[in-house]
Each structure stands twice: as structure tokens, then as C-alpha cells.
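Trainee: Chain by chain, the residues:
Number of protein chains: 2
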Amino acid sequence: MKFQIEEAIEILSQTPVVVKSLLENLSDDWIKSESNAESWSAFDIVGHLIHGEETDWIPRAELILAQGENTTFEPFDRFAQFEKSKGKTLNELIENFAASRAKSLRKLREMNLTEEKLQLKGIHPELGEVTIEQLLATWTVHDLGHIKQLVTVLARKYAENVGAWKQYLSILQ
Amino acid sequence: MKFQIEEAIEILSQTPVVVKSLLENLSDDWIKSESNAESWSAFDIVGHLIHGEETDWIPRAELILAQGENTTFEPFDRFAQFEKSKGKTLNELIENFAASRAKSLRKLREMNLTEEKLQLKGIHPELGEVTIEQLLATWTVHDLGHIKQLVTVLARKYAENVGAWKQYLSILQ
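Chains X and C are the protein sequences, given in the same order.
Here the first sequence is numbered in this note's numbering, starting from 1 and rising by one per residue.
Here the second sequence is numbered in this note's numbering, starting from 1001 and rising by one per residue.
If we strip away everything but chain X, and leave its shape as in the complex, we get (with noise of 0.2 Å):
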């Protein structure tokens, strides 16, 4: 599939909506959890996307932008949130993300950005060279790959309930 910015916008859009309505409703049996840096929580998980807004996609695409001397990415820390969401709700990071995001598209799209400069690179401290259209390729993945990670967070609450049906449901293997 050929990258095209409008198309990554779908899914970054919807993607607070999606979380939204995946999690607002639940009662705590679904949402609380012993989370810690192997196995995250869904208030974990959102946590990590604010971060990612704020530190991460749209940043290091401006530092690309900017193409002065140093286009070297800050390592982006996947444990912040750990910290910073503390003394937080689930509901309002839910409502801190969804802003967070919007702003960070209103950004995308004041950046203009053409093919040619959809091809400018920055330097990734492990991954080296990089462009910006694998960036927000990879920002879209980023988003469908936690919501898999939260489905899958909810759906072991049940692993013991299905009894022998746990063989068929491979988000339980």
C-alpha cells in the first residue's frame, strides 16, 4: 500500500475514539491490574500513547524538518508514563490523549508535507537513517499495535473462564 498521509490520518484519528469506546464503560474487575514494566495495564497503555504524542511522533518529525546540524531522535522513554500519569484516572487520560492527539494532527497538517519532504531523513539512535514517511507509517502501526495490546490485556481476564473453549481463542495462547 502506497503511504499517503490522508490514509494515516484515518487511523490516527480514530484511533482516541476506538480507545474511548473500548474502555470508558468497563467496571475496575476489567480495568485494574498489577502492571509493571513486563505486563502493562490499560491505564499503562494509554499513558504511553500521551507520551508518545508529546515526546515522539510529531517531535521528532519537526526536528526532521528543521534539518540542522543534529537530526538525532532523543531516545523515546517507553517507562515515562509509569511516572507521569500517576494521581491520574483512566477517563482522564482517555480525554488527555484524545486532546493530546488532535493537537499533534493539527501539526501534521500545517507541515504540509509534500512527497519530497515526506522523504527527509533523520537519525534514529538504534535504528539509524530514517524518514519521515516511515515515521508516521510507523506512528499508525504504533497506534493498531496497542489496541491489540489492550484487547489482549482484556481478554486474559477471561482465559480462565472459557473453560475448554481456551484452545480456540488464540488471543489466549
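Hints are computed from structural coordinates only; laboratory data are not their basis.
Just so it is clear, CB atoms sit at the ideal spot from N, CA and C, and this is done for glycine as well.
One thing to keep in mind: the hints can contain errors.
What the hints assert, rightly or not - Pulled a few chain C residues facing chain X out of the computed Cβ check, cut under 8 Å: (1) I1011; (2) L1026; (3) S1039; (4) S1041; (5) I1045; (6) V1141; (7) G1145; (8) T1152; (9) G1163; (10) A1164; (11) W1165.
Said to hold, decoys possible - Chain X residues, not near chain C, derived (Cβ > 12 Å throughout): (12) E6; (13) K20; (14) K32; (15) E62; (16) A66; (17) R78; (18) G128; (19) E129; (20) S170.
With chain X fixed as given, assemble chain C onto it according to the hints.
Mentor: Below, chain C without anything else, positioned relative to chain X:
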């Protein structure tokens, strides 16, 4: 997590909303795919969810509650949607699924399932004895599994566009 019908319904009632949020605004590029028995398209997945409403979950619960001489379920046809969805648009399927699910949940509430009734058993043609509770938990996990499948199908469209980031994105593995 102890099974409680009201909590299962929290997920079951939101699935059509999640599916709609995820799919309804997407361009054809995201949706179109070579669908076949091994690799389902978004269209196939929503068709499969509708078929489950019509022939699997509530009909099986009704069969168990009737407790007649034969409580063995009809085998569920996992590929019926290839025939049944022909000629429909994805948005039609999404609307049909929402309507079927609403009807299923009305029937579920009308069953007034007590703790005792939840333990009534039916015979699965392959798995043997299963309870209504296990059936309802499976229905819930089955929903989440197909949301996972939908986001995975979408993410794969950008499998090459992400460049070197691919190795970080488990949804693409």
C-alpha cells in the same frame, strides 16, 4: 476474575461501537484485500461476527436452557460469511452487526440468568460439556479476538512502509 453477566455485557455491547470507530471512515486501500480462508479481510471478520449472533451464542444458550434430550450444539460454520455477505458493503455489515448484537443482548437479559442457570450444561460437538457461563465468557473473548484480528489486518498494510522500525512493532511479526 469472577464471571458476572453485567461485566461481560460491558464488552459485548461496545464491540459494534469499537468496530464502527475502527472501520467506518477508512478508504478502500485499508479495507480491500485478497480475502480467503486463511487470511480474512475486515469484510470477512464483520460477516463472521454477524453469523455468530445468528447461529452461535444466543441460540446455543437457548438450547442449553431448554435442556431437552439433545443439548448437543450444531457445529458452527466458521466460513459461512463468505457466502452470506456477498453483495453487501462493509458499512451495511457494520450496521447489521450492531443491530444483531443489540437483539442478542435483549434476549440475553430476558433469560434472567441466575448463578444456577449459568452452570447448566450443553454438549459442544468437539469440546464436550460446557456451561452457559463458559459460553458467555467465550463470546466476550471471541469479540476481543476479532478486534485484535482487525487491527492486525490493518497494520500489515503498512508492513513495508515503516522501514527499519518493523523490528520494534510486534503486531507486524
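Trainee: Quick one: which hint numbers does this structure break? Sort them smallest to largest.
Mentor: Hints 3, 4, 5, 12, 13, 14, 17, 18, 19, 20 contradicted; others consistent.
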